[in-house]
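Student: The numbering of the sequence shown is our numbering, which starts it at 1 and goes up by one.
Calculated directly from the structure, the hints in this document are not laboratory data.
Hints should not be assumed to be uniformly reliable.
Unchecked claim - Derived lysine-lysine pairs resembling DSS-like cross-links, with alpha carbons at most 30 angstroms apart:
#	residue 1	residue 2
1	Lys101	Lys88
2	Lys72	Lys162
3	Lys88	Lys40
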Amino acid sequence: MAYKAVIFDLDGTLLDTIGDITDALNDALKEIGIPLAYKKEEVHKFIGSGAATLMHRALGSYDSEANFLKLKEAYMPRYEEYQTRHTKAYPGIKKLLKAMKKQRIHLFVSTNKPHKLAREIIDSRFGYDVFMEVKGQMPGGPVKPDPAIANYFLLKYSLNKKDVIFIGDSKTDLETAKNAEVNSCLVTWGYGEYDWTVTSQATFVVNSAEEIAAIVL
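Build the full structure now, drawing on both the sequences and the hints.
Tutor: Structure, rendered in structure tokens:
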């Protein structure tokens, strides 16, 4: 079936952001004197539930309220400063979005990245007019798999759930789609785990942007 609206996750789905996140995290840990440093593959496991969760996971045995607050103060400015250094769209994504826009499909972004940073990186890498709306986490607001942002899009734009698909790279995104009662598409190039216990929960599983086009268009 064709879809009239697509809600995308951001990190690991549209954009490969892991290098910049890793650099910001390692530099912040070094600044506050925590003797930890991570490879990109290790940081993969920290992503998916918002910046606060990422920092708690990164602190590991050093996690405490005091260390978390110090890391947050050191990490968040770097997170913003570094996010355009190496971040790039995954292969075929820009072409896919262009094709969807041509077919008048409504495009949205729902991410656990802080809202201001999400808006900035989307504008930087895709321009201002590709997505109808981009929503990230607001201070104190819910994070995925809470479907609050997806439900906001459904209500604001009077979308029928059967006409909407949620595309992401993680189990969290699949749970978000389920909670919003829309179909899901799991991409396998991101930061999630892709064994059968995860893939079996998705309506679709894809390995390329071209496969998304075949489903959505």
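Student: State for each hint whether it applies.
Tutor: Evaluation of the provided hints:
Of the supplied pair hints, the one linking Lys101 and Lys88 holds, its CA atoms being roughly 20 angstroms apart against a limit of 30 angstroms. In summary, the hint linking Lys72 to Lys162 is not supported, as the alpha carbons are separated by about 40 angstroms, beyond the 30 angstroms threshold. At roughly 15 angstroms between alpha-carbon atoms, Lys88 and Lys40 fall within 30 angstroms of each other, so this suggested pair holds.
Hint 2 alone, counting from the list given before, is not met by this structure.
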